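J.: Each chain, letter by letter, is given below.
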Amino acid sequence: TQLLEQSPQFLSIQEGENLTVYCNSSSVFSSLQWYRQEPGEGPVLLVTVVTGGEVKKLKRLTFQFGDARKDSSLHITAAQPGDTGLYLCAGAYFGNEKLTFGTGTRLTIIP
Amino acid sequence: DTGVSQDPRHKITKRGQNVTFRCDPISEHNRLYWYRQTLGQGPEFLTYFQNEAQLEKSRLLSDRFSAERPKGSFSTLEIQRTEQGDSAMYLCASSFGPKNTEAFFGQGTRLTVV
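If you read the sequences in order, they're chains A and B. All the letters of the first sequence, read from the start, carry residue numbers 2 to 112 under the working numbering. All the letters of the second sequence, read from the start, carry residue numbers 6 to 119 under the working numbering.
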């Protein structure tokens, strides 16, 4: 069974602070996505990373894929209340192309 | 709107009743996924289709659950003899696949079994 662990599980910080969320697996991903989900809604795709060591930026969000393609991180600079939500990583493994989701990081930004 | 559409958004049913949910994927996507999400958890995989073929079913999908995608377009997920433990958000997603796993989700169907 492939397990995808996210940390921290909960994070509450003040507006303007920086934060990093982690996603780790014992297996190699063929690709990895990050999603944000708000209460009562479906997850919304933020980014896809495919290449080991890849870094992608989306405004104040920076996504990095580990060199070995077993882990990923999401860094948010100068967090804003609109960043509040559940952040999910989801990976596809070679030979098993369905997405496996992590347990999520619930982020709260305090104004 | 050309995104993934799910119907209904909310369903309240009595224990023992059957329910059916519908998902309309993005039109050019040939992969369609069903996930279940309970409060505070990430989505759990249930099943997926490549066109009309059901390629994989999770062990979570008991014999009370059945999914179809008869013409390779929309899909239905039926739960028979619902139990309180079936209460969850049921999410549908589609992707261009098979090499592209970038999945786009619908807004989900919230099922409450009373």
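These are computed hints drawn from the structure, not numbers from a lab. A quick note: this is a predicted structure, and the numbers were derived from the prediction, not measured. One or more hints might be untrue.
For the chain A half of the interface with chain B, some residues (derived, Cβ under 10 angstroms), not all of them [as the list claims (entries may be wrong)]:
#1 7
#2 9
#3 23
#4 27
#5 60
#6 79
#7 83
#8 102
#9 110
Here are a few chain B residues that sit away from chain A, every Cβ distance over 10 angstroms (derived from the structure) [as the list claims (entries may be wrong)]:
#10 17
#11 20
#12 49
Covered stretches of chain A (in silico footprint by chain B; criterion: 3 or more residues with CB under 8 angstroms from a CB of chain B, positions within the stretch not fixed) [to be verified]:
#13 13-21
#14 62-68
#15 92-100
The beta carbon of each residue, even a glycine, is placed where N, CA and C say it ideally should be.
J.: Hints first: check each against the structure and report whether it holds.
T.: Results for each hint:
A cut of 10 angstroms between beta carbons decides the hint on residue 7/A: the least distance to chain B is about 8 angstroms, and the hint holds. Restraint check, residue 9/A versus chain B: the minimum CB separation of about 14 angstroms is more than 10 angstroms; hint violated. The closest approach between the C-beta of residue 23/A and any C-beta of chain B is roughly 14 angstroms, which is over the 10 angstroms cut-off, so the hint fails. For residue 27/A, the shortest C-beta to C-beta distance to chain B is roughly 17 angstroms, which exceeds 10 angstroms, and the interface hint is violated.
Checking residue 60/A against chain B by beta carbon gives a least distance of about 19 angstroms; that is not within 10 angstroms, so the hint is violated. Interface restraint check: residue 79/A against chain B, minimum CB-CB distance 27 angstroms, threshold 10 angstroms, status violated. Because the smallest distance between the Cβ of residue 83/A and any Cβ of chain B comes to about 19 angstroms, over 10 angstroms, the interface hint for this residue is violated. A hinted interface residue such as residue 102/A counts as satisfied when its beta carbon comes closer than 10 angstroms to some beta carbon of chain B; here the least separation is about 4 angstroms, so the hint holds.
The criterion of a C-beta within 10 angstroms of any C-beta in chain B is not met by residue 110/A, whose closest approach is roughly 19 angstroms, and the hint is violated. Listed as outside the interface, residue 17/B is consistent with that label: its C-beta sits roughly 15 angstroms from the nearest C-beta of chain A, beyond the 10 angstroms cut-off. Every CB of chain A is more than 10 angstroms from the CB of residue 20/B (nearest about 23 angstroms), matching its label as outside the interface. The beta carbon of residue 49/B sits about 7 angstroms from the closest Cβ of chain A, which is not more than 10 angstroms, so the claim that it is off the interface is violated.
Given a C-beta distance limit of less than 8 angstroms, the hint that chain B covers the stretch 13-21 of chain A is violated, as 0 residues qualify and 3 are needed. Taking a C-beta to C-beta cut-off of 8 angstroms, the stretch 62-68 of chain A contributes 0 residues in contact with chain B, too few for the three needed, and the coverage statement is violated. With 4 residues having a Cβ less than 8 angstroms from any Cβ of chain B, the stretch 92-100 of chain A passes the three-residue criterion, so the hint holds.
The structure fails hints 2, 3, 4, 5, 6, 7, 9, 12, 13 and 14 (numbered hints given earlier, in ascending order).
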